[in-house]
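Visitor: Chains as they are written, first to last, in the numbering used here: chain A, -15 to 329; chain B, -10 to 317; chain C, 1329 to 1649.
Honestly, I wouldn't trust all of these hints.
Lysine to any residue pairs mimicking SDA-like chemistry, simulated, CA-CA at most 20 Å apart [claimed, not checked]:
#: 1; chain 1: C; residue 1: Lys1392; chain 2: C; residue 2: Arg1358
#: 2; chain 1: B; residue 1: Lys283; chain 2: C; residue 2: Gly1545
#: 3; chain 1: A; residue 1: Lys155; chain 2: A; residue 2: Asn183
#: 4; chain 1: B; residue 1: Lys176; chain 2: B; residue 2: Leu194
#: 5; chain 1: B; residue 1: Lys170; chain 2: B; residue 2: Phe190
#: 6; chain 1: C; residue 1: Lys1337; chain 2: B; residue 2: Lys283
#: 7; chain 1: A; residue 1: Lys91; chain 2: C; residue 2: Lys1392
#: 8; chain 1: B; residue 1: Lys170; chain 2: B; residue 2: Leu124
#: 9; chain 1: A; residue 1: Lys91; chain 2: C; residue 2: Lys1337
#: 10; chain 1: A; residue 1: Lys90; chain 2: C; residue 2: Phe1641
#: 11; chain 1: B; residue 1: Lys283; chain 2: C; residue 2: Arg1454
Covered by chain B, according to a simulated footprint, are these stretches of chain C (three or more residues, beta-carbon under 8 Å) [stated by the list, open to error]:
#: 12; region: 1346 to 1358
#: 13; region: 1421 to 1430
#: 14; region: 1506 to 1516
#: 15; region: 1584 to 1595
Residues of chain A clear of chain C, computed beta-carbon distances all greater than 10 Å [as the list claims (entries may be wrong)]:
#: 16; residue: Pro88
#: 17; residue: Glu98
#: 18; residue: Leu102
#: 19; residue: Tyr132
#: 20; residue: Met140
#: 21; residue: Arg257
#: 22; residue: Ala287
#: 23; residue: Ala307
What the hints contain is simulated information worked out from the structure, not anything from laboratory work. The C-beta atom is built at its ideal place from N, Cα and C for all residues, glycine as well.
Read off the chains here:
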Amino acid sequence: MSLLEVRELHVWFDLQEGRELHAVQGVSFGLDAGERFGLVGESGCGKTTTILGLMGLLPPTASVAGEVLVGGESILAGGESSVRSHRWNDIAMIFQGAMNALNPVKKVLWQIVEPMELHGIADGTQARRMAGDLLEMVGIPASAGERYPHEFSGGMRQRAAIAMALACQPKILLADEPTTALDVMVQAQILELLVGLSNDLGLALVLVTHDLPVVAQVCERAAVMYAGEIVEEGPTEALYHAPRHPYTRLLFAATPDLYGDEAVVSIPGAPPRLDRAIEGCAFRPRCDSSLDRCESEHPEFRAMGAGHRAACHLNDLPGEERAAREGARRAGSAAPAATPGGGAP
Amino acid sequence: MSAVQEPGLTEGLSVQSHAGFLRSVLRERKAAVVGLGIIAFFVVLSVVAPLVVPYSPNAQTCAVFAPPSARHWFGCDDGGIDLLSEIMQGGRISLLIGFTATVVSMILGGGIGIVSGYFGGWVDVTFMRIVDYLLVIPDLAFAMVISEVWGPSVFHVIVVIGILEWSGTARVIRAQVMSVKERVYVKRARAVGAGNGRVIFRHILPQVGPLLIANTVLTIAVAIYLETALAFLGLEDPSTTTWGTILEHAFARAAVSAGAWWAIVPDGIAITLLIMGCFLFGQAIEDALNPRLKVAHLSIRRWTLRTLVGGAAGMGVRPLVGRGPDAI
Amino acid sequence: MRGADYVIKRAGFAVLTIFVAITINFFLFRVLPGNAVADLSRVPRATPQLRHALEVEFGLDKPKWEQYLIYLKQLAHGNMGVSYATQQPVSTLLANDLKNTIPMVAVGTIAAILIGVLTGILSAWRRGSALDHLSTNLAIAFYAFPTQFLGLMLLILFASVLPTSGMMNPFVLGPESLWARLKDIGAHMILPALTVCLTLYGEFTLIMRSSMLETLGEDYVLTARAKGLPDRKIVSRHALRNALLPIATVVAISLGWIVGGAILVEFIFTWPGIGWAMWQAIYQRDYPMLQGGFLVLAVSVIVLNFIADLAYFRLDPRIKE
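Here chain A stands alone, though its shape is the one from the complex (with noise of 0.2 Å):
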């Protein structure tokens, strides 16, 4: 049994007028220990909202349904009084944007042993030497802990965050975009403190991003989200190599080469509204390698091959017609790809 499977999560969002949109739709996935998961996509594919929704830090308008177990506990069951005690405790997370996850008006050092005390885990002194040596184990002087947020640097910032993050023992961590704000230099530090952490203490990570080098960096697994669905899920190094879902393959596509000066090819179209029913694939529009039953008729999720799986009719070819197909649309002309209202530059 794994540590965290979440199954069949979905979650949707009161709208005016009776409207509902239905951010995440389904999305199942699993680690164990020690594990680390990327979750990718472009923003608005729902990747924040499925692990805001697993430890149902939702609003009103939000309602959940699927099952989230942790050491096979079903945390969701008994909604936000039963989650409540699994926060921190079991789940931690380190939320987008180091500068404003912090209270600008507490002491870092309070802000970590603040949740020790509220669980029980250690008080007084001894929380407060247990926070120290969390930040020192970030690498910042446990003596930094007396001042504010604000006199920190981004940096610093998000390791504070870290450690707070630390500060109940949780087994899984869940990172939203942790190094988004960082420059280049501080966010291969911040990666690197993560790695070595889920390492050392056998901490499973599920990792929010949506940029793709990140996850093949970190991450040794990792699912792919696409308008609040996972279409393609599997070991980062098949993503990267071999992947089966024309949307993956076109996401690292649009990833700039850190030694090429080949020009970026960014992914023309937007990703579908959500408040209304998709018929067929919801990738169809911006796909270049589309068949015609993609319009009418949505996608299995299913095996590729060893813990590989994807959802896409182009898996149901064989390969060479499948090598074919990709990137047909496109290499034809660029015009049919570009949908009205895109974003193309």
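Place chains B and C on chain A using the hints.
Guide: The following block gives chains B and C in isolation, referenced to the frame of chain A:
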């Protein structure tokens, strides 16, 4: 960083059309409709007042402090004048003063805010010092002094309120202009050689428009309040009738001890309603412009759990389209 | 020391604003059309001796810039001139008025802040609930009530129960105990202070509510929720102090407004404070008194603003410029 398009990121708030924006505010916010309705009611009433007043607002038509009756709905004041007629007449002047003073303060505040924010430098510093002073100065005391020194007249009241109330607008508009100025399309317009006037009128003014409207409506409320307060203190031209002078007369001629509450209450409610209308409408626009009010991470209500249809309890299968058995 | 610069900067700003206030005060009365103080013919019951004394004291026969210097010099010595009406020094009279105004306005304002902050927090926390709707609508109504209307309503409603005029009962003679005197003043203070409180609390509620709503949308509130904190602790430990920050500014900015309301309240309830004195000064064309009263009000607001700046400084560790 990947070059993947991020459709969620737009350049702050951009307003395509003012009419469209106002329509959406009115559609989505009940308070805006109520507020605009109240303002419209009083404006229409003021326009048609001379045609519909039941009695003369200047001549005695009933007994002194006659209580409300079928013929005089709001009763009569200390001079035997029908209060309903007097309030309708007074509203004309109060609204005129409130609206005109607001126009004066909007032109001053909007103009100074735009100039200050757009040009910066010593112009900005000078204006902002004046604004700082006006923000801390006790409005009513200042208005009292000026009205007294210049002598009581409707014109003076308008000028006094106009020069007192522009500072808040100037500050808000200045901040907005400074942020709009940094946006890409404005920089682009300047780079291709658009003149200052053109940039201000074509690019900046349209962006600060909704905020200016909200500010205008809120300033009307303040102007009406100041007018009635000055009149109540006897600093209005004694020959005019406004909502403020009606309260002043009632108080000065001992309506309280005479038990003539009707000389006070309807008039007071009229002032309160109009101020409330301005507040509801102006605040609704401001709230609609404030993206920070949309998210709340804490609420007494909670997210809810749903069971998926068509599956075993708790472990549902996606209802619309099937997924393979190895999906889990 | 953290923030010494900030304090010095704000203090410097306060001093500068006071100087501006003094200068504008001079111009209002001497230079602008009306030339109120210089026009001694407008002084009621003035004897030739008094006129002459005034002329010499304020240098009214000298050019304006010299008058300005004399005005500054006199002010520096605490001399604000002599009341036309009572022939007593304006500064003495105003000091006494201020002593009466402060407790009444302070009681009303502090009560308004407490009620406003409390209802604002509850409203934001329970956004969309019946309590929120009730509290918000009530706040809007009280915000919209003109001070004079609310005062008159309270006057009508409580005229038979509470004293409605003055600060103490002038007909109670004899050796009273201090306690009885205080009780009398307290009873007289209820209606004016209540009027001040009710006209202010609505605005504070609305501002506190929106400030709290903005704070509840901040990421650190989500962090606090993720830590597993119960709602009450999230509000008291994380949201409250951050949400209170704008309140310090708003109270400071409303001070001018509060003073304006106080003038109306003193006028209605004949409270012998500075607002009442200013109204009387207008009524009696007692320009030195009016000029002095206005200056005292302006300076009080500036000083209180400075205090609010210091409060903000205490609340927000980020300030250290």
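Visitor: All hints are to be evaluated individually against the structure, with a verdict given for each.
Guide: Hints and how they fare:
no.	hint	result
1	Lys1392(C) to Arg1358(C)	holds, 8 Å
2	Lys283(B) to Gly1545(C)	holds, 8 Å
3	Lys155(A) to Asn183(A)	holds, 12 Å
4	Lys176(B) to Leu194(B)	holds, 15 Å
5	Lys170(B) to Phe190(B)	holds, 12 Å
6	Lys1337(C) to Lys283(B)	violated, 36 Å
7	Lys91(A) to Lys1392(C)	violated, 57 Å
8	Lys170(B) to Leu124(B)	violated, 25 Å
9	Lys91(A) to Lys1337(C)	violated, 26 Å
10	Lys90(A) to Phe1641(C)	holds, 14 Å
11	Lys283(B) to Arg1454(C)	holds, 15 Å
12	1346 to 1358	holds (count 5)
13	1421 to 1430	violated (count 0)
14	1506 to 1516	violated (count 0)
15	1584 to 1595	holds (count 8)
16	Pro88	violated, 6 Å
17	Glu98	violated, 7 Å
18	Leu102	violated, 6 Å
19	Tyr132	violated, 4 Å
20	Met140	holds, 16 Å
21	Arg257	holds, 24 Å
22	Ala287	holds, 34 Å
23	Ala307	holds, 45 Å
Violation of the numbered hints given earlier is confined to hints 6, 7, 8, 9, 13, 14, 16, 17, 18, 19; the remaining hints are satisfied by the structure.
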